[in-house]
Amino acid sequence: MRLDDRFYMRLALAEAWRYQGLTHPNPPVGCAVVKEGRILAVEAHRKAGESHAELRALLAAWEALQGRRVAIDPADAWAVHDFLMELDSESFRGCTLYVTLEPCAHLGRTPSCARLLSHFSWHKIFIAHSDPVPGHGGGATLLLQGGIETELGLCQEEAEDLIEPFLIAQKRAFVLFKLAQTVNGRIGGGYLSCPESLEHVHRLREAADELLIGGGTVRADRPTLDCRFTGGRAPDVTIYSRQEDFEPEIPLFSVPVRRVRITEDLEPLLERPGFLLVEGGEGMLRALYERIDWMLLYQTPKLSTHPLSYSLEASLEFLHQQKIGRDLMIWSRCV
Numbered sequence: 126m127r128l129d130d131r132f133y134m135r136l137a138l139a140e141a142w143r144y145q146g147l148t149h150p151n152p153p154v155g156c157a158v159v160k161e162g163r164i165l166a167v168e169a170h171r172k173a174g175e176s177h178a179e180l181r182a183l184l185a186a187w188e189a190l191q192g193r194r195v196a197i198d199p200a201d202a203w204a205v206h207d208f209l210m211e212l213d214s215e216s217f218r219g220c221t222l223y224v225t226l227e228p229c230a231h232l233g234r235t236p237s238c239a240r241l242l243s244h245f246s247w248h249k250i251f252i253a254h255s256d257p258v259p260g261h262g263g264g265a266t267l268l269l270q271g272g273i274e275t276e277l278g279l280c281q282e283e284a285e286d287l288i289e290p291f292l293i294a295q296k297r298a299f300v301l302f303k304l305a306q307t308v309n310g311r312i313g314g315g316y317l318s319c320p321e322s323l324e325h326v327h328r329l330r331e332a333a334d335e336l337l338i339g340g341g342t343v344r345a346d347r348p349t350l351d352c353r354f355t356g357g358r359a360p361d362v363t364i365y366s367r368q369e370d371f372e373p374e375i376p377l378f379s380v381p382v383r384r385v386r387i388t389e390d391l392e393p394l395l396e397r398p399g400f401l402l403v404e405g406g407e408g409m410l411r412a413l414y415e416r417i418d419w420m421l422l423y424q425t426p427k428l429s430t431h432p433l434s435y436s437l438e439a440s441l442e443f444l445h446q447q448k449i450g451r452d453l454m455i456w457s458r459c460v
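Numbering (my numbering), first residue to last: 126 to 460.
One or more of the hints may lead you astray.
[To be verified] In silico lysine to any residue, SDA-like type, Cα no more than 20 Å apart, as pairs:
#	residue 1	residue 2
1	249	273
2	249	218
3	427	306
Calculated directly from the structure, the hints in this document are not laboratory data.
Construct the entire structure; sequences and hints are all you get.
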């Protein structure tokens, strides 16, 4: 194996991280196509129901090879699939494909990626992680049966970190605590994050099965907790509170097509499979800390004199970080 192979797989992994959480209930997946050292495409699955990473990567790679664009929406899985299936089987000869998760063999809301890949000649296909869903594997076997040299396990541990939320959500709630702070750890004083970070939070809300927030934060901040920056449907909300006396004028209660529940028993919510997004202050963090899987930190490049911060000790393992607008977004595992 060449050292370059890990580099190209890590490009695919980094692209998939850009859509972490946003693809729920699907796992995040990245894919890169390379020919003789030339990177033709690096793409990712972006949203459930849209094209998988392999479809987007093949379309972008073909456009790069041909030097022209195709009048097809790359998010339209069936349109992309049908276009690619009409291409000559030699269209990607000499190309190497790197994908972070085993290509799907089954037909669902979107077409089978493994069967599509088997339609073409490849130099080699690298797969970081096998499909972990029972009954959904077999993609690598299809590729091998098609005579394609296929290697499984390149950057497997990094790929396992990437899909950990998906794996947890199959059995119980994957709990993600979101917070925003300044460089010196202040969390108060209005909006801290840049517009790009705020939009990303609203996209996460769209993808989440439920949004959890503490009663104290609801009373103090009077939030709306909608998806107005993306135009999507606002998530259902659970308010963790021992008291049910909330002013009905608080905006979150007026969002259409939304269920709001007030409870002091979170166990049924935590045991239910899915994606639980938590927003709140120190009280919510303390109450839930032992059950939080990951934390997502939006750190803005500011210093603040605001007194409000998280006053507790906790250990985190940084998994991935990236710039988003002027902010730094850090995905962390609670340890």
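A quick look at each hint next to the structure:
1. 249 <-> 273: holds, 7 Å
2. 249 <-> 218: holds, 10 Å
3. 427 <-> 306: holds, 9 Å
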